[in-house]
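Once you've looked at the hints, dock chain B against the given chain A.
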Amino acid sequence: MSIEVRSISKTFGRFAALRGVSLRVETGELVALLGPSGSGKTTLLRIIAGMEQPDPGSGPILFEDENVARRGVGARQVGFVFQHYALFRHMTVFENVAFGLRVRPGKLRPPKEVIRQRVRRLLQLVQLETFANRYPNQLSGGQRQRVALARALAIEPRVLLLDEPFGSLDAKVRKELRQWLRRLHDEIHITSVFVTHDQEEALELADRVVVMNEGQIEQIGTPDEVFHSPCTEFVTTFLGQVNFFHGRVEDGKLHFASLTWDAPEAAEMPAQPVRVFVRPHDFEVDTHRNGAPSFKATVRRVHSAGPNVRLELTAESGEHLLVELPQEHYRSRQIAAGSQVYVTPRDVKVFAKNGTDGQDAADGQVE
Amino acid sequence: MSSASGAAVSVAPAWQGRVRSATTEPAAVRWALIGVSLLFLGVFLVVPLVAVFYQALAKGLGEYLRALVDPHARAAIGLTLITAAIVVPLNTVFGIAAAWAIAKFEFRGKQLLITLIDLPFSVSPVVAGLIFILVFGRNGWLGPWLDARGLNVVFAVPGIVLATLFVTFPFVARELIPLMQAQGTEEEEAARVLGASGWQTLWRVTLPNIKWGLLYGIILCNGRAMGEFGAVSVVSGRIRGLTNTMPLHVEVLYYENVAAAFAVASLLALLALVTLAAKSVLEWNVRRQVARAGNNLAQGESP
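For the protein sequence lines, the chains are A and B, in the order given. Whatever position you read off the first sequence (first residue = 1), add 18 for the numbering used here. Whatever position you read off the second sequence (first residue = 1), add 11 for the numbering used here.
I should point out that these hints are in silico values taken from the structure, not numbers from a laboratory. A hint or two may mislead.
[To be verified] Taking beta-carbon pairs under 7 Å as the criterion, some of the chain A residues facing chain B (in silico): (1) Val91; (2) His108; (3) Phe112; (4) Ile173.
[What the hints assert, rightly or not] Per the computed footprint, the stretches of chain A lying under chain B, defined by three or more beta-carbons under 8 Å from a beta-carbon of chain B, are: (5) 98-104; (6) 118-130.
Since we're looking at a predicted model, the values are computed, not measured. Just so it is clear, CB atoms sit at the ideal spot from N, CA and C, and this is done for glycine as well.
Bound conformation, chain A alone:
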């Protein structure tokens, strides 16, 4: 079942939560709505579910080819997993999962035995068979999360919507559940949309990522596309850490941090001041000039614990920057706090200064 929304707007009082958002989710896809708080991602999810009504004048909400915009929340047959799970606290795990089937009107309600079997199957699916008689407050966060998921799946939903599904869990449980959810999705292939503000989560879990900011979609693409080819400044800064420089383009060449660079992006740009972004792992660092264009910098701190070595540098031109090197690369060179190094960018992102940027990055800030 595909989901499509067209030019959806939503205002709360004076606050515009969504401004004409259009999105299509293909059948069986797992899509992440990624953005900072206030970007409208949860509002969009709740509108798809029918818990919020879009502003008048908004376009249709299509499940496959059927417009469900005028259908009530109960009639849309969506599975919804709430951020804080919203389990019924006075019901056991079994009763929670059975709820959606038991409240069906007489003719559509499955017989008791069928309900029991289906609930048991779902509890097996989420690995909680032995917890059927527990109450929600007797479960851990990760277990509650899985009950919420089983409860949402019990009504055989046409689409599955998850609001910050891992937001309330600690880091370790979060990672495990994330992988588990991905496996589950690969098994049952239900069209799913989840909301997150955690870029790592979105990039790891989703087939496609929808990056949202201030009520609009900035970019839609595979994790690879949005990470490696961000098409706006916001996407660049929001997905992972990035170093920022003021620069300018002249004669198709990019100038920044006492460096002149033949960036392909700059070739077609007219002469103008620009904003330049470089990811920490897109630098090469050497202790002497090696022929490649480079700028001089001083090492301030070295963090060598972890899979990569992280260097805090101050460029000759004054910017502070963060650089990530592979361990062996770091070991083969004499780099220590206080030493002079030469830095060569491998890949840069360039955006015109008068572009549509809400971002106000300070000089040399590491985002």
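Same frame as chain A, but now just chain B:
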């Protein structure tokens, strides 16, 4: 308090001797405070309560029972029960509706509504009674209209019910608002998404979640409905056997037959004791429910 001070003592180095936590007072102060409270309770609550039962039984059990089966006493007991039977269910429904509106929706004038709910607590019961005389009395706004149709409100049972309704309105709502606010609306939303109708959501999700708080509110409301004197006294007209409730009947009897007055009063006192007992049992359950609401949230945030 004791556990806090215990912890403070156990972590303090030995050379510091006994270390008090900041909120623990010296023993003398503690005993003085406890003593004053107990003395106060004894003089103003326990002694009068014992006195009521003592006086009621002063002339023997026979006289006590005779006072209770007296036709006027029976009429007063009956009227009190009828009033409570009408008022408590109505205020339960009003209370749930008001608490629901306040806790689960955002709307203009919400603060005003909360203030208005408290109005019966802040208005003197006599004034509350007079309000109904002003509206429904012979010279009141609706008086002539009612008169023309032969309907009596003031100095009749409807007036008593209205006055009691007014005075006991806040109990259920007051009890439910904080509970429902703590529980939020997510469970109701979840129920709706799962296909439950509004009615099913109310019966299967909302009411079970508030049942202990609701029962607590009902018991307080009932206690007050049966015991209300001031407001009822103004609108009742005290027609013996017709518009006298138990508290009014006690007052009338007091000037004629003290033992009989205390006999009826002892029933009211008994009601108060039962209410108190039920209240403390329920309070314990409500505390657990609120704790669970908080717990669910807290554990949800960091398991």
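Here's how the hints hold up against the structure:
no.	hint	in the structure
1	Val91	holds (5 Å)
2	His108	holds (5 Å)
3	Phe112	violated (15 Å)
4	Ile173	holds (6 Å)
5	98-104	holds (count 5)
6	118-130	holds (count 3)
In this structure, the one hint that does not hold is number 3.
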